[in-house]
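If you're matching them up, the sequences are chains A and B in order.
The opening residue of the first sequence carries number 12 in our numbering; numbering runs sequentially from there.
The opening residue of the second sequence carries number -6 in our numbering; numbering runs sequentially from there.
Among the hints, a few may not be true.
SDA-like, lysine to any residue: derived pairs with alpha carbons at most 25 Å apart [claimed, not checked]:
1) A:K52 x B:G46
2) A:K52 x B:G8
3) A:K33 x B:N(-4)
4) B:K50 x B:S20
5) B:K89 x A:N28
6) B:K74 x A:T13
7) B:K50 x B:H31
8) A:K51 x B:Q18
9) A:K51 x B:E48
10) A:K33 x B:T37
11) A:K33 x B:Y41
12) A:K51 x B:F38
13) B:K89 x B:K69
14) A:K52 x B:L67
15) B:K89 x A:M24
16) B:K89 x A:S49
17) B:K74 x B:L44
18) A:K51 x B:T1
19) B:K74 x A:T16
20) A:K33 x B:K89
21) B:K69 x A:T114
22) A:K52 x B:T37
23) B:K89 x B:K74
24) B:K89 x A:R74
25) A:K51 x B:L47
26) A:K33 x B:H31
27) B:K50 x B:D(-2)
28) A:K51 x B:G46
29) A:K52 x B:F22
30) A:K51 x B:G24
31) A:K52 x B:N23
32) A:K52 x B:F38
33) B:K89 x A:D96
34) B:K50 x A:D113
35) B:K74 x B:D45
36) A:K51 x B:E34
37) A:K52 x B:Y41
38) B:K89 x B:S78
39) A:K51 x A:V107
40) A:K51 x B:G33
Simulated from the structure, these hints should not be mistaken for lab results.
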Amino acid sequence: ETGVTQTPRHLVMGMTNKKSLKCEQHLGHNAMYWYKQSAKKPLELMFVYSLEERVENNSVPSRFSPECPNSSHLFLHLHTLQPEDSALYLCASSQVREGGADTQYFGPGTRLTVL
Amino acid sequence: GQNIDQPTEMTATEGAIVQINCTYQTSGFNGLFWYQQHAGEAPTFLSYNVLDGLEEKGRFSSFLSRSKGYSYLLLKELQMKDSASYLCAVRDGDYKLSFGAGTTVTVRA
């Protein structure tokens, strides 16, 4: 399944580093999402972009900064992270129609470790 | 807030049937999804229910009762490859999915 790809798959960074996560969807969808998945905890929605406009920011700290330059690409810029930010970061996409969004399809995730 | 509960772990034998329950209390309801996630991999879509009743897809079926805030995922004729985490998610608006913590199913020979 290569509908949604994410790079890098693994990332180790120090608390003072700046890095970016990249997501690309090849499904022709018009909405993209960032989720955080920590061990034994539910997936947490971070950001939603629909038609390249941010429509949801789920009280995420400013050290996470999303960017959606077009409907196929989504970035998550990371700066001055904390060890508790270590998690699997998942990207998803879906088609938004009148009345709501269709099924979300996920990428394989980036396993982030903050030292 | 949203509250979605599912068992943490279940174990079953190859060839058997397992039922994973999910109960939810959410501010709104616009559909319930089940995803399968193997360790280290992306969640993959299994089923979607928005109306009450049973949806069947091969060996997997999903049931919804909106009045009870309840769903289950039924896995039949279990295979070793079905060992995975199963995620229940409720959509309460246009976009937002709220997830349960997932149920880890272990299939034993």
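Outcome of the hint check:
Note on K52 of chain A and G46 of chain B: the hinted pairing is violated, with a Cα-Cα distance of about 29 Å set against a maximum of 25 Å. For the hint linking K52 of chain A to G8 of chain B, the alpha-carbon distance of about 30 Å lies beyond 25 Å, and the restraint is violated. Annotation: proposed proximity of K33 of chain A to N(-4) of chain B is violated, straight-line Cα distance about 31 Å (limit 25 Å). For the given pair, K50 of chain B sits about 29 Å from S20 of chain B by alpha-carbon distance, which is inconsistent with the 25 Å threshold.
Our distance criterion of 25 Å between C-alpha atoms is broken by K89 of chain B and N28 of chain A, whose separation comes to about 31 Å. Of the pairs offered as hints, the one joining K74 of chain B and T13 of chain A holds, with about 20 Å between alpha carbons and a cut-off of 25 Å not exceeded. Annotation: proposed proximity of K50 of chain B to H31 of chain B holds, straight-line Cα distance about 19 Å (limit 25 Å). Of the supplied pair hints, the one linking K51 of chain A and Q18 of chain B holds, its CA atoms being roughly 20 Å apart against a limit of 25 Å.
Restraint check for K51 of chain A and E48 of chain B: the C-alpha separation of about 28 Å exceeds 25 Å, so the hint is violated. Restraint check for K33 of chain A and T37 of chain B: satisfied, since their Cα atoms lie roughly 20 Å apart, inside the 25 Å limit. With a C-alpha separation of about 28 Å, the suggested pair K33 of chain A and Y41 of chain B falls outside the 25 Å cut-off, and the hint is violated. Annotation: proposed proximity of K51 of chain A to F38 of chain B holds, straight-line Cα distance about 20 Å (limit 25 Å).
This hinted pair does not check out: K89 of chain B and K69 of chain B have alpha carbons roughly 30 Å apart, beyond 25 Å. At roughly 23 Å between alpha-carbon atoms, K52 of chain A and L67 of chain B fall within 25 Å of each other, so this suggested pair holds. Distance hint between K89 of chain B and M24 of chain A is unfulfilled; the C-alpha atoms sit about 29 Å from each other, more than 25 Å. Distance hint between K89 of chain B and S49 of chain A is fulfilled; the C-alpha atoms sit about 18 Å from each other, no more than 25 Å.
A distance of roughly 29 Å separates the Cα atoms of K74 of chain B and L44 of chain B; the hinted pair therefore is violated under the 25 Å criterion. As the CA atoms of K51 of chain A and T1 of chain B are separated by approximately 9 Å, the hinted pair is consistent with the 25 Å bound. For the given pair, K74 of chain B sits about 23 Å from T16 of chain A by alpha-carbon distance, which is consistent with the 25 Å threshold. About 21 Å separates the Cα atoms of K33 of chain A and K89 of chain B, which keeps this hinted pair within 25 Å; it holds.
A C-alpha spacing of about 24 Å is found between K69 of chain B and T114 of chain A, which places the hinted pair at or below 25 Å, so the restraint holds. Distance check on the hinted pair: K52 of chain A and T37 of chain B sit about 18 Å apart at the alpha-carbon level, within 25 Å; holds. Taken as a hint, the K89 of chain B and K74 of chain B pair is broken in the structure, with Cα atoms around 30 Å apart against an allowance of 25 Å. For the hint pairing K89 of chain B with R74 of chain A, the CA-to-CA distance comes to about 22 Å; that is within 25 Å, so the pair holds.
In summary, the hint linking K51 of chain A to L47 of chain B is not supported, as the alpha carbons are separated by about 29 Å, beyond the 25 Å threshold. With a C-alpha separation of about 22 Å, the suggested pairing of K33 of chain A with H31 of chain B holds against the 25 Å cut-off. At roughly 23 Å between alpha-carbon atoms, K50 of chain B and D(-2) of chain B fall within 25 Å of each other, so this suggested pair holds. A C-alpha spacing of about 30 Å is found between K51 of chain A and G46 of chain B, which places the hinted pair above 25 Å, so the restraint is violated.
Distance check on the hinted pair: K52 of chain A and F22 of chain B sit about 22 Å apart at the alpha-carbon level, within 25 Å; holds. This hinted pair checks out: K51 of chain A and G24 of chain B have alpha carbons roughly 24 Å apart, not beyond 25 Å. At most 25 Å may separate the alpha-carbon atoms for a hinted pair to count; K52 of chain A and N23 of chain B meet this at roughly 23 Å. As the CA atoms of K52 of chain A and F38 of chain B are separated by approximately 19 Å, the hinted pair is consistent with the 25 Å bound.
At most 25 Å may separate the alpha-carbon atoms for a hinted pair to count; K89 of chain B and D96 of chain A meet this at roughly 21 Å. For the hint pairing K50 of chain B with D113 of chain A, the CA-to-CA distance comes to about 18 Å; that is within 25 Å, so the pair holds. With a C-alpha separation of about 29 Å, the suggested pairing of K74 of chain B with D45 of chain B is violated against the 25 Å cut-off. Using a Cα cut-off of 25 Å, the hinted pair K51 of chain A and E34 of chain B holds, with the two alpha carbons roughly 15 Å apart.
Under the criterion of a C-alpha separation no larger than 25 Å, the hint pairing K52 of chain A with Y41 of chain B is consistent with the structure, at around 22 Å. Between K89 of chain B and S78 of chain B, the direct Cα distance comes to roughly 21 Å. Compliance with the 25 Å bound is thereby established for this hinted pair. Simply put, K51 of chain A and V107 of chain A have alpha-carbon atoms about 30 Å apart, too far for the 25 Å limit, and the pair is violated. Under the criterion of a C-alpha separation no larger than 25 Å, the hint pairing K51 of chain A with G33 of chain B is consistent with the structure, at around 14 Å.
Taken one by one, the earlier hints fail for this structure at numbers 1, 2, 3, 4, 5, 9, 11, 13, 15, 17, 23, 25, 28, 35, 39, listed in ascending order.
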